[in-house]
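Guided by the hints, dock chain X onto chain D, whose structure is given.
First to last, the protein sequences are chains D and X.
Be aware that the first sequence starts at 689, since it is given in my numbering, and climbs by one per residue.
Be aware that the second sequence starts at 45, since it is given in my numbering, and climbs by one per residue.
The hints are simulated quantities; they were obtained by calculation from the structure and are not laboratory data.
There may be inaccurate statements among the hints.
Straight-line Cα separation of at most 25 Å, DMTMM-like style, residue types lysine to aspartate or glutamate; simulated pairs [claimed, not checked]:
id, chain 1, residue 1, chain 2, residue 2
1, X, K58, X, E116
2, X, K53, X, E151
3, D, K800, D, D719
4, D, K790, X, D70
5, D, K730, X, E146
6, X, K53, D, E727
7, D, K790, D, E703
8, D, K744, X, E146
9, D, K800, X, D117
10, D, K759, X, E103
11, D, K730, X, D70
12, D, K756, X, E74
13, D, K759, X, E116
14, D, K744, X, E116
15, D, K790, X, D100
16, D, K790, X, D117
17, D, K759, X, D100
18, D, K800, D, E703
19, D, K730, X, D82
20, D, K790, X, E146
21, D, K790, X, E74
22, D, K790, X, E103
23, D, K790, X, E151
24, D, K756, X, D100
25, X, K53, X, D70
26, X, K58, X, E146
27, X, K53, X, E103
28, D, K730, X, E103
29, X, K58, X, D82
30, D, K744, D, D719
31, D, K790, X, E116
32, D, K730, X, D117
33, X, K58, X, E74
34, D, K800, X, E74
35, D, K756, D, E727
36, D, K759, D, E802
37, D, K759, D, E703
38, D, K790, D, D719
39, D, K730, X, E116
A quick note: this is a predicted structure, and the numbers were derived from the prediction, not measured.
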Amino acid sequence: GESVGLHLPTLSVQEGDNSIINCAYSNSASDYFIWYKQESGKGPQFIIDIRSNMDKRQGQRVTVLLNKTVKHLSLQIAATQPGDSAVYFCAENPPPPGGGNKLTFGTGTQLKVEL
Amino acid sequence: NAGVTQTPKFQVLKTGQSMTLQCAQDMNHEYMSWYRQDPGMGLRLIHYSVGAGITDQGEVPNGYNVSRSTTEDFPLRLLSAAPSQTSVYFCASSRARVNTGELFFGEGSRLTVL
Numbered sequence: 689g690e691s692v693g694l695h696l697p698t699l700s701v702q703e704g705d706n707s708i709i710n711c712a713y714s715n716s717a718s719d720y721f722i723w724y725k726q727e728s729g730k731g732p733q734f735i736i737d738i739r740s741n742m743d744k745r746q747g748q749r750v751t752v753l754l755n756k757t758v759k760h761l762s763l764q765i766a767a768t769q770p771g772d773s774a775v776y777f778c779a780e781n782p783p784p785p786g787g788g789n790k791l792t793f794g795t796g797t798q799l800k801v802e803l
Numbered sequence: 045n046a047g048v049t050q051t052p053k054f055q056v057l058k059t060g061q062s063m064t065l066q067c068a069q070d071m072n073h074e075y076m077s078w079y080r081q082d083p084g085m086g087l088r089l090i091h092y093s094v095g096a097g098i099t100d101q102g103e104v105p106n107g108y109n110v111s112r113s114t115t116e117d118f119p120l121r122l123l124s125a126a127p128s129q130t131s132v133y134f135c136a137s138s139r140a141r142v143n144t145g146e147l148f149f150g151e152g153s154r155l156t157v158l
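Looking at chain D on its own, in the form it has when it is part of the complex (with noise of 0.2 Å):
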C-alpha cells in the first residue's frame, strides 16, 4: 500500500541554526500535504500545509519544499529555538480510494534543540 515515511527519526540542531526535516512519500497522485508538530503529551499542531500545485510555500520561520519528481517534501526551521523541540509529521491527503477525506501521517522525526 501507499505510505509516507521520514528519511531520520532524530535530528539534533544547535540553537539558531537552520533545521530541515525530511519526509518522502510514494503516492503520487496525492495533492495535498501538511505538517504537524507535536510537542510532549499534547496533539499534533498544524504547522504549515502545501498543494501539489506548489513547490514553495513559507510561514513564519518555517518553509516547506515539494519535490513532485522524487516524490518528497521537507520542513525547513529558520533560526532553530528550544521551543522547536519536538516530534514533526508530515501527512499526505491521496485522491479516493485511499485519500479523499483520509490522511496518512508519517513515523515522525524528533528533533532536539541543543544549547
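What follows is chain X alone, placed relative to chain D:
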C-alpha cells in the same frame, strides 16, 4: 473556544471491558476523526465523519465503533477491549474536507488495556 475536548485523559481497562472515549468540538466543524498513535507507527486513522449521521472507516477500524448524532460530538466506543488497543487516542476536527485546511487535534486519551 475550547477547541477539541477529549475525555478521559487516562484510562485503564481490563481485557473484555467496554468503554467510550468522548470527543466534543465547539468550532462547528463538519469533519471529525479518531486516530490512534503507537510508538514508531505515527498516527493511524480509525474512523471519521464528514457530518452528523455520516461515518466511515479509516485504516484500522476493527474493534471500534463510532456514531455522529450531533455536529459537536463524536464518541469512540470499544466494545470488548484487547491489549492491542493500548494506545494514545486523538480526536480531530476540521471545517470540511481534510484538504481544505488544518486539522485541529485534542490533547489525547491514553488507554491501557491489561
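Enumerated hints in conflict with the structure, sorted upward: The structure conflicts with hints 1, 3, 7, 9, 12, 13, 14, 17, 24, 26, 33, 34, 35, 36, 37, although it agrees with all the remaining ones.
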